[in-house]
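**Q** Sequence:
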Amino acid sequence: MNPKRLLIVDDEPAFGEFVRQVALALDYEVTVTKTVMRFSSVIPAFSRR
288 MNPKRLLIVD
298 DEPAFGEFVR
308 QVALALDYEV
318 TVTKTVMRFS
328 SVIPAFSRR
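Quick note: the sequence shown uses my numbering, first residue 288, plus one each step.
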């Protein structure tokens, strides 16, 4: 398990992808979501890691 994790919530796909690429280059595990509804379904699994 990678201790460096980032959950990105952004409704602008290009910006979310940019941040994801930078974070991956810095060895982060990255999850990206575009909506609050999707965030609500992703956060429980993200928090358990």
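Keep in mind that the hints were calculated from the coordinates and are not lab data. Take the hints with a grain of salt, since some may be wrong.
The list that follows gives simulated cross-link-like pairs (lysine to aspartate or glutamate, EDC-like), each with its CA atoms no further than 16 angstroms apart [said to hold, decoys possible]:
{"hint": "1", "residue 1": "K291", "residue 2": "D314"}
{"hint": "2", "residue 1": "K321", "residue 2": "D298"}
{"hint": "3", "residue 1": "K321", "residue 2": "D297"}
{"hint": "4", "residue 1": "K321", "residue 2": "E304"}
{"hint": "5", "residue 1": "K291", "residue 2": "E316"}
{"hint": "6", "residue 1": "K321", "residue 2": "E299"}
Because the structure is a prediction, the values reported are computed rather than measured.
**Q** Are the hints correct? Go through all of them and say.
**A** Here's how the hints hold up against the structure:
As the CA atoms of K291 and D314 are separated by approximately 7 angstroms, the hinted pair is consistent with the 16 angstroms bound. For the suggested pair K321 and D298, the alpha carbons sit about 5 angstroms apart, so the restraint of at most 16 angstroms is met. Proximity of K321 to D297 is assessed by CA-CA distance (about 5 angstroms); at most 16 angstroms being required, the pair is judged to hold. Taking the CA atoms of K321 and E304, the gap is near 11 angstroms; set against the 16 angstroms cutoff, the hint holds.
Distance hint between K291 and E316 is fulfilled; the C-alpha atoms sit about 6 angstroms from each other, no more than 16 angstroms. At most 16 angstroms may separate the alpha-carbon atoms for a hinted pair to count; K321 and E299 meet this at roughly 7 angstroms.
Violated hints for the displayed structure: none, as all numbered hints are satisfied.
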